[in-house]
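Trainee: Since chain A is already given, all that's left is putting chain B on it; use the hints.
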Amino acid sequence: EDKVVQSPLSLVVHEGDTVTLNCSYEVTNFRSLLWYKQEKKAPTFLFMLTSSGIEKKSGRLSSILDKKELFSILNITATQTGDSAVYLCAVERAGGTSYGKLTFGQGTILTVHP
Amino acid sequence: DTGVSQDPRHKITKRGQNVTFRCDPISEHNRLYWYRQTLGQGPEFLTYFQNEAQLEKSRLLSDRFSAERPKGSFSTLEIQRTEQGDSAMYLCASSLSSGFYTGELFFGEGSRLTVL
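Sequence order for the protein chains is A and B.
If you're matching positions, the first sequence starts at 25 in my numbering and goes up one per residue.
If you're matching positions, the second sequence starts at 5 in my numbering and goes up one per residue.
Excised from the complex, chain A in its bound form (with noise of 0.2 Å):
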């Protein structure tokens, strides 16, 4: 079975301090591994990374992939109170149809105060 622990569980901080959000994984025929964040109800999409070393830039976020050690870092610079969500890691398995399928971590609830 595939399996992505995401650390930590949470984090609460103040506006303008950097996180870092860690997500390891396992999974058979690995394809590519994707960051969500979630405010309300819906997740929305942020990352999908498939090649180590290569950081995917969005703004404040960023994160890069480690394919050797199986870990993934989601890093958030100058956070602000909109930055509070949670955070999902997901993994997806390569092959035919499967894309889109995914095996989400836990989360890591992100709280940001003024």
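It is possible that some hints are incorrect.
What the hints assert, rightly or not - For the chain A half of the interface with chain B, some residues (derived, Cβ under 7 Å), not all of them: (1) Ser56; (2) Leu58; (3) Lys65; (4) Ala66; (5) Pro67; (6) Phe69; (7) Met72; (8) Leu112; (9) Thr121; (10) Tyr123; (11) Gly124; (12) Lys125; (13) Phe128; (14) Gln130; (15) Gly131.
Claimed, not checked - Straight line, CA to CA, 25 Å or less: simulated DSS-like cross-link-like pairs of lysine-lysine: (16) Lys27/A - Lys92/A; (17) Lys75/B - Lys61/B; (18) Lys81/A - Lys64/A; (19) Lys91/A - Lys81/A; (20) Lys15/B - Lys61/B; (21) Lys27/A - Lys80/A; (22) Lys61/B - Lys27/A; (23) Lys91/A - Lys61/A; (24) Lys18/B - Lys65/A; (25) Lys65/A - Lys27/A; (26) Lys92/A - Lys81/A; (27) Lys61/B - Lys65/A; (28) Lys15/B - Lys65/A; (29) Lys92/A - Lys80/A; (30) Lys15/B - Lys64/A.
Simulated from the structure, these hints should not be mistaken for lab results.
Just so it is clear, CB atoms sit at the ideal spot from N, CA and C, and this is done for glycine as well.
Mentor: For chain B alone, kept in the frame of chain A given last:
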């Protein structure tokens, strides 16, 4: 709004009753997914469709659960003889097909089921 829509948003039922959820995906997406999420956990894969064909159903899913996508557009998820353990948020998502897939699943806001 042209996002993924789900109905009803909240359903309260008594144990043993049947419930049905509906999902309308983004119109040009031919992939449709059902996930289930319980409090404090990440979403868990249930099943998915390519057009009207159901590709896979999770082994964790009992035969009380059935899903259809009859014309390759909207989908329904039915739970028969509900149990308290079925209480969860049922999330539907859609995506583009393989040649255009970017990793992005577009999720609806979910249908919350409470079984009393």
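Trainee: For each hint, tell me whether it holds in the structure or not.
Mentor: Structure-based check of each hint:
1. Ser56: holds, 6 Å
2. Leu58: holds, 5 Å
3. Lys65: holds, 4 Å
4. Ala66: holds, 4 Å
5. Pro67: This hint holds: proline 67/A lies near chain B, its Cβ roughly 5 Å from the closest one there, short of 7 Å.
6. Phe69: holds, 4 Å
7. Met72: This hint holds: methionine 72/A lies near chain B, its Cβ roughly 3 Å from the closest one there, short of 7 Å.
8. Leu112: Hint on leucine 112/A: holds, closest Cβ of chain B at ~5 Å, below 7 Å.
9. Thr121: holds, 5 Å
10. Tyr123: holds, 5 Å
11. Gly124: holds, 5 Å
12. Lys125: Hint holds; lysine 125/A Cβ to chain B Cβ min 5 Å, cut 7 Å.
13. Phe128: Nearest chain B Cβ about 3 Å off; hint holds.
14. Gln130: Constraint on glutamine 130/A satisfied, holds at 6 Å.
15. Gly131: holds, 5 Å
16. Lys27/A - Lys92/A: holds, 16 Å
17. Lys75/B - Lys61/B: holds, 19 Å
18. Lys81/A - Lys64/A: Between lysine 81/A and lysine 64/A the Cα gap is close to 23 Å, so the pair holds against 25 Å.
19. Lys91/A - Lys81/A: holds, 18 Å
20. Lys15/B - Lys61/B: holds, 23 Å
21. Lys27/A - Lys80/A: holds, 23 Å
22. Lys61/B - Lys27/A: holds, 18 Å
23. Lys91/A - Lys61/A: holds, 22 Å
24. Lys18/B - Lys65/A: holds, 24 Å
25. Lys65/A - Lys27/A: Holds, at about 23 Å.
26. Lys92/A - Lys81/A: Satisfied, since the Cα-Cα distance of roughly 21 Å is no more than 25 Å.
27. Lys61/B - Lys65/A: holds, 23 Å
28. Lys15/B - Lys65/A: holds, 15 Å
29. Lys92/A - Lys80/A: holds, 18 Å
30. Lys15/B - Lys64/A: holds, 18 Å
The structure is consistent with each of the numbered hints, conforming to all of them.
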